[in-house]
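Q: Chain order of the listed sequences is A and B. Oh and the first sequence: position 69 is 69 in this note's numbering, straight run, nothing missing. Oh and the second sequence: position 233 is 233 in this note's numbering, straight run, nothing missing.
Just so you know, these hints were derived from the structure itself, not from any lab. Note that the coordinates shown come from a computational prediction; the quantities given were computed from them, not determined experimentally. Heads up, the beta-carbon is just placed ideally off N, CA and C, and yes, glycines get one too. Some hints here could point you the wrong way.
[Unchecked claim] Below, a sample of chain A positions facing chain B; criterion: calculated Cβ distance under 7 Å: (1) S28; (2) G242; (3) P262; (4) A311; (5) Y327.
2 protein chains.
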Amino acid sequence: MSEYDAVVVGAGVIGLSTAYHIKCKHPSSRILVVDKFKSAGQGSTAKSMSAFRCLFSSKVNYLLSDSSVDFYFYVQSQLSVDLKLAFVGYLWLLSSGEYEEMRPILNGLAASNLKHEEYEAEELAKRLGLNVHLAGDEEAEIIGLKDVYKGVFIPKAGIIDADCVTKFYEEEFLKLGGEIRYGVKVEDFLVEPCKPLGLPGEPFFWQESRVSGVKANSGIIKAEKTILAAGAWIPQLLDSVGIECFIKPKKRQVFAIEAKKPALKRLLFTEGFNSVECIPFTILPRPRVLVRPFPTEGVFWLSYADDFPRAFKLEDEPQPEKNFYEYGIYQVLVKYFPQFRDCHPYSAFAGLYEINTLDGHPVIFEEKDLIVVGGASGSGIMKADAIGRIAAALYDGEEYAVLYGDRKFKVSDLSIKERRVEREKLQI
Amino acid sequence: MSEYDAVVVGAGVIGLSTAYHIKCKHPSSRILVVDKFKSAGQGSTAKSMSAFRCLFSSKVNYLLSDSSVDFYFYVQSQLSVDLKLAFVGYLWLLSSGEYEEMRPILNGLAASNLKHEEYEAEELAKRLGLNVHLAGDEEAEIIGLKDVYKGVFIPKAGIIDADCVTKFYEEEFLKLGGEIRYGVKVEDFLVEPCKPLGLPGEPFFWQESRVSGVKANSGIIKAEKTILAAGAWIPQLLDSVGIECFIKPKKRQVFAIEAKKPALKRLLFTEGFNSVECIPFTILPRPRVLVRPFPTEGVFWLSYADDFPRAFKLEDEPQPEKNFYEYGIYQVLVKYFPQFRDCHPYSAFAGLYEINTLDGHPVIFEEKDLIVVGGASGSGIMKADAIGRIAAALYDGEEYAVLYGDRKFKVSDLSIKERRVEREKLQI
């Protein structure tokens, strides 16, 4: 039973960012990261769409994302660590109703310096071979699809490699002397009295007690602070000690389509939106099917974040569902982008979102010497740096965290007890 | 596959109160209640402390409880249905710190007509054989027990028989022509598209869909509205369709001690507090061990609602833990009431609280034709009538429910989306 200053549960992008930022501030502290997988980022991090945007309706989400993206860009451009970050932009295709909903959000963000451009439907039709008029198409009407009225293009958005980001934090953490043990599965927390009496059966309910480490398949690991950054597995572990975190796991699926046909290849490498000369990450009108370009692989990734009646369910190996593509995504996609007709996925994968059901923001709080860092709700990679810095500030008992770019953030704003965030309206 | 106007899942006190109040307003509607047990109120209802108080810090909780208690008293006194309701009162024993916390709450409730009386520690010592001075007692100091500074007595509070209340609603519901099927275990919801296309695999994610009944061990039961009132089992069922309710199950234990010894018998039948001439329901200083008199049986019921690290855990047959009494409750109890020295429980039982982790109030909301009624957080029996009336108003799409005593209540105040309640500070 070795004693650490901190043990971090979870070597996903959030856990490693947190471990790295703590270790930066405490080079001589013993910080251990444990993960049940055999290497970093093999849980939901690996199953991500690996894209980023700073377009959120909530100022907090905007700040978390914007400062993290600035940091990643700094890492890639100044530290010459290739994160495969590319500002391909996000293109939101909006029906007229959605455009009206989006306008006030865009106007609000313009004040925060987020730039955007608007496109008329006809121009997008020409540039992308996009079908913008669906009125009269019986199938589209049954599905409930609306005409594209406008497109909103966000240049500060794009794609990144989740694995490269994770590896960056892992390597930097190790360089600083941090320790990582893979293949260590945490089964429960170790709970001990703050003032042990040496009696069997402690802690009794009249004793103050605390989380003093974890019980893992490899044995007990004791620590001054235990940091839970296990993504979708957080609520299950917290339930075992009766702490609420307002996080629920939900499956998300990604389907990969090769851009083999000339028409699809032309679509993937559409010019004029970005310096990569590829189609932006594109969001169709409701239901918001997502099209992520993967230009280096000559591939599209397609996804859709379904709500009711998709279960909140923790699965160790969530599987993509063929019919989710065939009867779901494909039916919507092909109406707007006829280039996809008869295209079927050559591969697919599924991961788990760790959805914060209160307001769609991360939760970062401490209770009983246990620090919980999670609930990124499907935008963990694009916010991981900021989340790690805030968790590190909480670890130090600081009131404010300083995010990349010298932006101050009040740590308690993402806590449970003094939470202060507006509900996010742009979850996709 | 028969079609009902409403199917209510759960024949506990909340489910039956809801079914009864809906049926009252819709005598010709087909309302079915199903429950996995063989008779009414066999889940957590049967495991309750069966006590009531109107003392809550939140005005909403006060109103729910106060109006329900008024209704139960009306049923017993005017309809001559014996609910074994007795106003034995609640006696809160408070340390000086707790008294300071309680004072503003009592002052606020005085405005709502809730009467209370204060007792000096010395008088309680005399009347109850209560040990009010623990300073200097080494064990008490280790446990962290404080001197009793004052007692606050609430006359409009007491004991009731959960089974009698449940049976009352069951009988009235049946008299009105309501249907109940016992031994029917709901395993999942039936989800169907609002506008079926007749395609296999429906509903697809681009279709609007709704809960159209339940899948039970006995087969499918279809209904216009499905009402989920399954207590601690609510979150598990809702998880299967990805709806958040902010309810977590937690085990609660009750230990029964016979008042055999003369000193204990004297304590149980303490005179001067109420017309029953028994000790009030008594709450010790923190940790708040609860002492419920059961004068007709010559018994005390003892309990304690432990928090961290007690798990949020759903168990079909939660068991009481011997050591929870021996090393927990007993150690605290005997310091204040030495009459309990060497007393051990002759029986014990455990049930599940359905804790609302947002604010300690019930949740009553509708989503996709599914009405959720739960989260009473350990005070379901004393609020069941009001909760049933509010759920019935929601069923009718009314903005306000009328509680017993002609008190109006805004239905959306207990919803998830437009929730408007202050966090409850007096959960015990």
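Q: Decide, hint by hint, whether the structure agrees.
A: Right, here's what the structure says about each hint:
1. S28: Violated, about 31 Å.
2. G242: holds (5 Å)
3. P262: Violated, about 29 Å.
4. A311: At 5 Å from the nearest chain B Cβ, A311 of chain A passes the 7 Å test, so the hint holds.
5. Y327: holds (5 Å)
Violated hints, in rising order: 1 and 3; the structure is consistent with all others.
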